[in-house]
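Listed below, chain by chain, are the residues.
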Amino acid sequence: MSGTPDLGRTQRLFWDVVVAPEGAAAGLAALAPANRAAARGLLRERPGMTSVERLDVYANMYFFRILDALKQDFPGVLALVGADEFHNLITDYLIVHPSRHYSLRYAGQELPAFARDHRLSQAHPYLADVAALEWAMLAAFDAVDTPVLDAAALARVAPEVWGALRFELSSSLHVLDFDYPADRIWQDTQAGIAIESAAAATQVRVWRREMRVYHRAIDAAEREALRALRAGATFADVCALLAPANTDPQVAAAAVFGLVRIWLGDGILAGANVAST
Amino acid sequence: MHHRQDRDFPALGFGVGLRSAHYDEILAERPQVDWFEVISENFMVPGGRPLHVLERVREHYPIVLHGVSLSIGSTDPLNPTYLDDLAALAHRCEPAWISDHLCWTGVAGRNAHDLLPLPYTEEAIVHVAERVLRVQDRLGRRILLENASTYLEFAHSSVPEWEFLAAIAERADCGILLDVNNIFVSAFNHGFSAQAYIAAIPIERVKQFHLAGHTDRGAFLHDTHDHPVCDEVWALYGMAVERFGAVSTLIEWDDDIPPFARLQQEAERARSVVQLATLRAPGAA
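Chains as they are written, first to last, in this note's numbering: chain A, 22 to 298; chain B, 22 to 306.
A portion of the hints provided could be inaccurate.
Stated by the list, open to error - What follows is a set of in silico ranges between Cβ atoms, one per label pair, in the way DEER data are often shown: (1) B:D105 <-> A:D105: 38 to 48 Å; (2) A:A185 <-> B:P31: 49 to 59 Å; (3) B:L154 <-> A:P96: 42 to 52 Å; (4) B:L160 <-> A:A185: 25 to 35 Å; (5) B:D277 <-> A:I216: 29 to 39 Å; (6) A:R251 <-> B:P98: 30 to 40 Å.
For the record, the hints were derived by calculation from the structure and aren't laboratory data. Everything numeric in this text was worked out from a predicted model, so none of it was measured. Note that beta-carbon positions come from the ideal geometry of N, C-alpha and C, so glycine has one too.
Let's have the full structure, built from the sequences with the hints guiding it.
Structure follows, in structure tokens:
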């Protein structure tokens, strides 16, 4: 290919050079010879700075803007691995997962899954769990606003229709399964406490009430109940799900009532309707 | 000195960028400032605090949506999701107008989240102008395009930046958000005259000014928005006000963000520049 590159080719060449993880010189060197010649010919040489130095201004702005955003989105991951390794993690991440969303807000979308297979997870086996917790916190922060079910409204529901009640959950609610106690580890990272943690299956729910994001470890029964509710289960379905065989129905209902009371207090119920079928 | 009226781009006075560091103070104290500009993408989210704050602020101040991801110069197709989300945000907060940058931000579906430079060619003028027309159709309003700071020049550029900007504004019938600091930064980086740039921009196209601080890196100036506006840019702003009139002006400060009162000082300094120019204008009482 010869002559002046069209706009599309100009942009593709420019892109390949400025996103290269080792900088513009390495980006140019990595191009096929014809593309390298075309990329070198793109720029007007001017005194004061070389073309590679000018391209590096863009290469640095590209990487550090995303790095800074991800430091804010994943403060626990940053605290766990330290600034140098976080830099390396994001360098590796962007090679595989360049941002594809128009908003920087979503640049870290694939980081929890990516961290699971990254070498840093050998030294920090809870890294992916902490990343997933932080991503859920971000999702809860700007989730769609949903109403908070009022306990007084629920108290007016006649006892005979409770079994057919279906609860709507807050759109901000996330129920997560971890191999490590990610909630406690995350709190320790924020408190600057050294992390010493053994594997322990942990369930955590993350939600927003008004403008604040919360998280709390929950037991397996609550996790099952919330997942069933999200799938459309009624109060009676959840009672049956959680009760061992031959449990007194009133005892089973009391256990689920207890959960409902907690959910009301935390503001994770958005509504309740009597099931039509 | 003239205060030009424009139905699409009313004169808002002297504003500052709305940044999260100041949310609580603005909501609690409702400080004196004529208007706020917000980064559109920060509020193109499903719900939660950002939209809550935006709606509260909008109750008391005019707002302008200033985007960073329209990618008007990209050879990728326009992103219909982006335009839908931007239109929905505009419907929600009724901005005085919408602006973005004369640049591209990504290609092949990837986003650099940075304002990347365009070659100043006829091909790019045709490409960008056609896309601006489509964006304006989709949004149901004219937009403003801002000149970005640049750090390199393409060898195949055939016109200077100011001709490129003016040609696109003319062909797309859009307005210009003239960033005075960006002119200063690019003039240093490429060795052209900032004064010649301002003198070449058509008066009737300029509907907003940006003022910001930059960082001197020795070999080049970097548009970092982490300093006060420097004296040279204030002088250039005075020249721009003399040419374009009392155009709506905004102070940008995005890093090392100072107390809100410091931003107010910068906005008031801009007001005083305009007042001084008004006194000096031919025919002033």
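**Asked** Quick check: which numbered hints come out false for this structure?
**Response** 4
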